[in-house]
Amino acid sequence: MGRFPEYYNLWHIAGHYALRGFAALVLIFLMLPILVIIPLSFNAEPFFTFTEGMLALDPDAYSLRWYKEIFDDEKWTLAIKNSFIVGFAAAILATLLGTVAAVGLASPWMPYKRLITALLLSPMIVPLIIIAAGMFFFYTQFNLVGTYTGLIIAHAALGVPFVIITVTATLSGFDRSLFIAGLSLGASPVKVFWDVVIPLIRPGVISGGLFAFVTSFDEVVLVLFLAGPEQRTIPRQMFSGLREQINPTILAVATLLVVLSAAMLFTLEALRRRSERMRGEGL
Amino acid sequence: MKRHLKLMAGAAALALCASSVSAQDLTVTSFGGAYGAAQKEHMIDPFVAETGTNILFEDYGGGVAEMKAQVEAGNIQWDVVDIEVIDLERACAEGYLEVIDQSVLPAGDDGAAAADDFIPEALANECGVGNIVWSIVFAYNNANGEGPQTIADFFDTENFPGKRGLRKRPQVNMEWALIADGVPMEEVYEVLSTEEGQARAFAKLDTIKDDIVWYDSWSQAPVLLNDGGAQMVQSANGRIFAAIQDEGAPFTIVWDSHVYDLDVWAIMKGTPNMEKAMEFISFATRTVPLSGMQDVAYGPTRRSAQALLPEAIKQDLPTAHLDVGLKADGIFWADYGETLGEKFNEWLLQ
Amino acid sequence: MTDTATLAQKPLAPGLNRDDARSAAREVRKRRLQAFLFVTPLLIFILFSFVAPITTMLYRSVYNPTVADLLPDTLVALQEWEQSDESPSDAVLTQFAIDLKRLANDRTSGRLADEINRALPGMSSVVKSTARAVRRVDDAELAANGPALLIDANDRWAEPETWRAIKDAGRAYSLDYYLTSLDLERGSAGEIQARDTQIYVKLYTKTLWMALIITVATVLLGYPLAYFMANTSTSLSNALMVFVLLPFWTSLLVRTTAWIALLQTNGVVNSTLQAFGLRDDPLELLYTQFSTIIAMTHILLPFMVLPLYSVMRGIDSSYMRAAMSMGSRPLAAWFRIYLPMSLPGLSAGALLVFIISVGYYITPALVGGTDGQMISNIIAFHMQQSNNWELAAALGALLLLLILVLYWLFDRFVGAANIKLG
Chain A
26 MGRFPEYYNL WHIAGHYALR GFAALVLIFL MLPILVIIPL SFNAEPFFTF TEGMLALDPD
86 AYSLRWYKEI FDDEKWTLAI KNSFIVGFAA AILATLLGTV AAVGLASPWM PYKRLITALL
146 LSPMIVPLII IAAGMFFFYT QFNLVGTYTG LIIAHAALGV PFVIITVTAT LSGFDRSLFI
206 AGLSLGASPV KVFWDVVIPL IRPGVISGGL FAFVTSFDEV VLVLFLAGPE QRTIPRQMFS
266 GLREQINPTI LAVATLLVVL SAAMLFTLEA LRRRSERMRG EGL
Chain B
752 MKRHLKLMAG AAALALCASS VSAQDLTVTS FGGAYGAAQK EHMIDPFVAE TGTNILFEDY
812 GGGVAEMKAQ VEAGNIQWDV VDIEVIDLER ACAEGYLEVI DQSVLPAGDD GAAAADDFIP
872 EALANECGVG NIVWSIVFAY NNANGEGPQT IADFFDTENF PGKRGLRKRP QVNMEWALIA
932 DGVPMEEVYE VLSTEEGQAR AFAKLDTIKD DIVWYDSWSQ APVLLNDGGA QMVQSANGRI
992 FAAIQDEGAP FTIVWDSHVY DLDVWAIMKG TPNMEKAMEF ISFATRTVPL SGMQDVAYGP
1052 TRRSAQALLP EAIKQDLPTA HLDVGLKADG IFWADYGETL GEKFNEWLLQ
Chain C
770 MTDTATLAQK PLAPGLNRDD ARSAAREVRK RRLQAFLFVT PLLIFILFSF VAPITTMLYR
830 SVYNPTVADL LPDTLVALQE WEQSDESPSD AVLTQFAIDL KRLANDRTSG RLADEINRAL
890 PGMSSVVKST ARAVRRVDDA ELAANGPALL IDANDRWAEP ETWRAIKDAG RAYSLDYYLT
950 SLDLERGSAG EIQARDTQIY VKLYTKTLWM ALIITVATVL LGYPLAYFMA NTSTSLSNAL
1010 MVFVLLPFWT SLLVRTTAWI ALLQTNGVVN STLQAFGLRD DPLELLYTQF STIIAMTHIL
1070 LPFMVLPLYS VMRGIDSSYM RAAMSMGSRP LAAWFRIYLP MSLPGLSAGA LLVFIISVGY
1130 YITPALVGGT DGQMISNIIA FHMQQSNNWE LAAALGALLL LLILVLYWLF DRFVGAANIK
1190 LG
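Taken in sequence, the protein lines are chains A, B and C.
Residue numbers 26 to 308, in this note's numbering, belong to the letters of the first sequence in order.
Residue numbers 752 to 1101, in this note's numbering, belong to the letters of the second sequence in order.
Residue numbers 770 to 1191, in this note's numbering, belong to the letters of the third sequence in order.
Isolated chain A, as found in the complex:
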């Protein structure tokens, strides 16, 4: 019992273990649903449930047929292509505009800073269904509904707040005297921006871009309202699959997406560490 402080009585210790146990249960609640779908996606039968063979670990009860199905089905391959095209284009657009704007917002001279920040962050707060309805009404007038351009613009707007937040966070640790030093050495503001500012805030820019990409990659409500059949994305295809005919292809896609998000998570974590290191060196 030596690891507990001496003023602890039995109740304290019971409480300590209860907390541990409860935390473990919550973590299981968080992870289990995601882990359950992975074995289900290898089901040899066209069902969403564990078959007896699967529970008995019979190798014949498992198969890769649903993974093969993804790549055989034109709708899925089109959806995968669309998701990456729209995601990349929207992320690049949001990152370009968002990074430049974040630098302006970080300036102590920025007028109406609070108002403008709130405005630029609001796409994150307004319910998607409202954004979707509004965009459907407005984009129709410009023939943007059912086009890649319309979808990319819409998703970029959703990604902007994330870029602003992450880049602002890196900028807050950024020493403004470096910018001024650059200017005082005779460089143009644009040159200072690209050669001094950008390298320093790069981790923030990259993670903002990743956030913007993931936002687009995962988004389905705007796609439901703004995309035509040719712009269907992965989540859109999953949405109609879940509504109409549930088959394990969706689980196979879901498993691939879990792997992708794990990769994404580790990239971000690495970036965060790197950013911390860089700031550590600066001090």
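Mixed in with the good hints, there may be bad ones.
Said to hold, decoys possible - Stretch-level coverage of chain C by chain B, calculated; a stretch enters the list once three of its residues show a Cβ under 8 Å from a Cβ in chain B:
1) 879-892
2) 1010-1022
As the list claims (entries may be wrong) - In silico EDC-like pairs for lysine to aspartate or glutamate, Cα to Cα no more than 16 Å straight-line:
3) 914/B / 1053/C
4) 960/B / 1140/C
5) 791/B / 98/A
6) 791/B / 99/A
Treat the hints as calculated values from the structure; they're not laboratory data.
Being a predicted model, the structure only gives us computed values, none of them experimental.
Quick reminder that beta carbons are idealized off the backbone N, C-alpha and C, glycines included.
With chain A's structure known, arrange chains B and C on it following the hints.
Showing chains B and C alone in chain A's frame:
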């Protein structure tokens, strides 16, 4: 600066990539599932093989809402659409569909002119060309023995407990409620056009409301029956037939008070691909493609195609059961679809 | 450039002369402009891609010119008619019959029917069947016998209520859709009264109630977890963080799919219960309010844990230790010391979860069945199924108002720029 250029180049490459995604030549929309698979095999794929047209074959759940949204927003996404006659009259009268020149339809394979070869209902509306004769039936899972035999049984939760799967729209559900409540089949639409009749239908539906599982798309019906989500479901007859035939599912079809109808191919108003769309419809409604719809127990709308059917399939087609069935009334639903749709949704939310 | 840059850094000394002050002011203006120019491209982009659409939606909720465009002549004729108990003159009916024939042949009478139906439920079938009746009648006959033809087709054309509905529907600007959104309507004398069927207020209340349950559930699950993670070794908490972040980064659709697989009739939960003999027949879990709440709690839990954790990490545990070593009971110490210090994280997480769940669409749509539908789902329904875009816009505007109030609270208590990610 170099990096900046790289980024711009990347963006430009992506933009190019986005614009080079090949546009489809034709978007054809139908109901998916087993029916969609049969259409793909007998209509879409042969057409693609013959003409080299790129087709995007889409699913929808039926109804006019999506067409209406496309036409009113001036943003046409579909070219050809498979539509139930119960919705056709309305879609045509409200200008969501193009008028089709039925004189260009080819003669049957036996040489009979199109006008004689098609059954009259198939060409009755100027906006569509008949595709199949099908029926809305109910079916039950017979793994636990005998099930309901009549539509009154379907509404009898005491003797036949369990969930009932119904398609989430007033069409057919209102008709069935009245028939189950004792209205003779030939008077159903007359009664349903009165306020009292509508109230009566909702009152009957109320008696099973807690036991209803609503679904949106025909392809969900056999799934519900299969995974135990419902004991009995309303379904297009072909879906149940396909589940029995292909997967050996323990389902029984009940023909009592089935509501039969036609499906037609139609063309979205304002499509930029009018010519291709017409070419597709002419192809898909030729004798051989139509006869392929027997895969899912739907009757063809051409006499020359009916002649190609094997004897064994005939008892599974709606045409063998017309004596116990009700013909869906497209004109009634054209007039009352909106009103009853609204009441139905308010009823659902109560 | 060099001079001005340093100048701006220099505090303005009291002894500055006027020129200095002026040039300093100019410099400040220049800097403000420079900062603003950085933001301008994004501002323009957001105005076009986001603000203008929302504005269009708000405008759409009060502006609907459909009937005014379809029936201009009838509406002019109707202007004379006072909303009395008598039907309008034959001239109005004749004009309407002529208009209706034109619309029937243009195939736009359906749109008219739907619009009038919104002012007076049940009118859709009257307009449509009448349109069919007058479609093939020739113009001279209509001009001579219009009123009789209409009333023959349907006797509701003789009722003043019908014409009041047409006049109402003919107003391009109106707040009627807001009335409908609040389950109200205009009575025959223009007074505002409750509608027969009460739907939307109930739905807003239900949405808020569900959002509250979800928020409380995420607090109950998230607070102890965050507390544990904040008070354990860094290496363990970093490892456990993966369990929180992986679900956070996993697609919403994937997580919803997982809940469908778990909860469906023959799903994992029911099979497990049956395998252990705890249930004979499967529980009905999917497509209920329960499934919406549990799936959304799962999806939103990281939004609670992350801000809580980042605040708790900064709380010095020696305060608690000090209080407890001096004999305070743990609960009392926690309540008096720890809870107030963790409150910023708690309020940030709770408001975030609440705001997000109020506007949720996807999860209720997929797992909610009929009971689990929220306000977003009915907005989507009016956008996509009933095509009542104006009502959808009005319902959306009310939802937006609700969210803005919550956002304002959030900004006041937490600060919008303090949202932390990952």
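Comparing the hints with the structure gives:
| no. | hint | in the structure |
| --- | --- | --- |
| 1 | 879-892 | holds (count 8) |
| 2 | 1010-1022 | violated (count 0) |
| 3 | 914/B / 1053/C | holds, 10 Å |
| 4 | 960/B / 1140/C | holds, 12 Å |
| 5 | 791/B / 98/A | holds, 13 Å |
| 6 | 791/B / 99/A | holds, 13 Å |
Comparing the model with each earlier hint shows a violation of hint 2 alone; every other hint is respected.
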